[in-house]
Amino acid sequence: MAKTHVTATINGEETEFLCDGQQTMLDVLRDEMGLTGSKEGCGSGDCGACSIIVDGRLVCSCLMFGAEAEGTEIMTIEGMADGENLHPLQQKFLEHAALQCGFCTPGVLVASKALLDKNPNPTEEQARYWLAGNLCRCTGYDKIIEAVMDAAAEMRGE
Amino acid sequence: MYSPTFAAPQSIDEAVRMLGADGAKPLSGGTDLIVQLKSGRNRPAAVVDLKKIPGLVGIEETADGFVIGAATAGAQLGEHARLVAAYPGIVEGAELIGSTQVQGRASLAGNLCNASPAADSVPCLAAAGAIAVVAGPNGEREMKVSDVPAGPGRTNLAKGEFIKSFKLKKPAAHSADAYLRFIPRTEMDIAVVGAGVNITRDGANGPIKSATVWLGAVAPTIVEVDASCIIGTSLDDATLAKLDAAAQSVCNPIDDKRGTIEYRTKVAGVLARRAASIAFKRAGER
Ligand SMILES: Cc1cc2nc3c(=O)[nH]c(=O)nc-3n(C[C@H](O)[C@H](O)[C@H](O)COP(=O)(O)OP(=O)(O)OC[C@H]3O[C@@H](n4cnc5c(N)ncnc54)[C@H](O)[C@@H]3O)c2cc1C
Ligand code: FES
Ligand code: FES
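As they're listed, the protein sequences go chains C and P. Mapping the first sequence onto numbering that gives the first Met the number 0, position 23 (from 1) lands on 22, and the numbers just tick up by one. Mapping the second sequence onto numbering that gives the first Met the number 0, position 229 (from 1) lands on 228, and the numbers just tick up by one.
What the hints contain is simulated information worked out from the structure, not anything from laboratory work. Where a beta carbon is used, it is the ideal one built from N, C-alpha and C, also for glycine.
Stretch-level coverage of chain C by chain P, calculated; a stretch enters the list once three of its residues show a Cβ under 8 Å from a Cβ in chain P:
(1) 50-63
(2) 125-132
Okay, derived cross-link-like pairs now, DSSO-like style, lysine-lysine, Cα gap no bigger than 30 Å in a straight line:
(3) C:K2 - P:K158
(4) P:K24 - C:K2
(5) P:K166 - C:K117
(6) C:K117 - P:K50
Only chain P is shown next, with the shape it has when bound in the complex:
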């Protein structure tokens, strides 16, 4: 009968060595991996639990921002008041993942590395310019979160590499993010479209100084929307219409039971507009 070996290394070096073996897979919360292991879709020869490695679970606020352990569960993100205040959109995305039970385990690294195009925490991480700190056989390297997914179920991590932590910079004054997803019900479903927006305003009442907009579930990986049309504006209706069009123009979705190509494309425009409006308002409140 199929049965993987299990190990819970206590150090990065030990984990790198174990993950260098053929068929070894890292484990964070297991809410994707264990489901896939049971269904037979993913049959790793070895499971390497990362949660016993110091720093892999927990949130640290530093002078430069935040360092989030790769395997930290969503529920812990939501309990960290300073993180919620700084990056409400990232936490919103992470907290949309599954039920309370799933929240007790599901991590940012697992969400990113499972590489579903619909992963809810990824658009806002990308919009924030989050950095993934990657450990591997050749030491550590840093990658932009947006460079990690390669396509559905595939990442750009090399053999033996895994994500150790995420770095988020201290948010600029008058900046905030927001995430919206559309699903056919209110809980426990996979995004038809997700939109993450990060906006910095020129003063609390000022226009938009910089903005990043990323969409999920409308292409094989998350995609960036050209947000130059909203810079210098205060999101009047004409500007929002331009953002809507810009969002629709980057969509390359699939047709499935959750939504047709046409529907997903239209919803992407609507969510980009609404998420931008929320981020803009939040940015004015700080």
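Just chain C, same shape as in the assembly:
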């Protein structure tokens, strides 16, 4: 089977990879590039653990073919911190204990970043609806929402 050659910018770096027709972007990230921060919770678009940002849009990487990445700009959880400096969302998740097992966390963080990129001042209701596609079996969500609202306030300089 002929593989597709793909060039994409992943976390700011121009990257090339080969993939076959049934590989999703999540498969490519995890299996070909060793970027295992994005998780596979369901593989069917329901849990959000595989969330990435493609050309400014939040998507499930399990519902995108790797071959579709050609020419796109992609951000994954690995691109969130600035070297050793955590992103304010990551810092606030630690402070608020907004994670337990951590399996959902990369997806929740990426989704939260997409929210704050678009709307730096969301209401709690907006944040809850935005994150409705990110399932968490541990935290009960309240601490996640508190951390997101707190990070948003800090990023606004409040």
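Let chain C serve as the given structure and place chain P with the ligands on it in line with the hints.
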């Protein structure tokens, strides 16, 4: 191991040629196709990504109304203020599809051509009289959106054909639409019933001049409700009761864990009434 070929043609002609091959399937957002491919329910030999073809993604406002690229994602519809103002119901339906992540990819063409009876964007597209512009081996043709679904998982598109865009006419004065669906929770579920209504009033305070009402999830395809009982009225209680009965009379639903036949039929009447009331009020505000 199963693996389809992948291609992203740059032109309509190239896409038509590729889709003429046996087992080739168009790809828009992939939120149905990739799930089905992984579960083994749908195993296309070739996947043809339409999103690189000029015009397949994006919204254009023309003198006659709107042209929406077939593969445009739901999130983009919601960000287009003029479209939201003109067709709030269509956008409401499209934005109910899945989560934020799914919204980043899910398209109108995929929703229509996956041909689920419960597809949320379809009733209001039909109520608006939306036209699907279809490209295929014999050139282009236009179809009413309501003529596209043939039954669960089947469409009336011929081999090699795909939807290129949707055309929506400029809304008449004092007209508006609305979509309501019922699900057992507030997010991320499949409609038990959906109702799309498009109403034009005779002046901002006037009675209803014309109306179309379509239901989803109560028959193998969307079904039209005979809305003649509400023409000339301002939706008093007696009229709404007639619309409720008219909606119930066209239902032919399945019994499943989401709802019994009796329940779906009753809910269809209620949603038709409520969606009509919302569309009527909106139509009076413009
Ligand atoms: C978590 C989740 C939640 C969901 N929730 C909802 C919901 O609430 N309501 C709802 O209605 N749906 C829901 N869906 C289903 C799905 O997201 C929608 O049906 C969506 O609109 C499909 O669009 P797409 O662009 O992703 O289609 P694709 O997956 O790309 O395509 C779907 C089908 O249409 C065909 N197709 C695609 N584009 C064209 C074209 N231009 N011309 C001809 N055929 C074409 C494909 O070959 C395929 O058979 C959900 C899906 C997921 C994963
Ligand atoms: S793994 Fe992609 S949504 Fe669950
Ligand atoms: S922390 Fe365990 S799933 Fe969210």
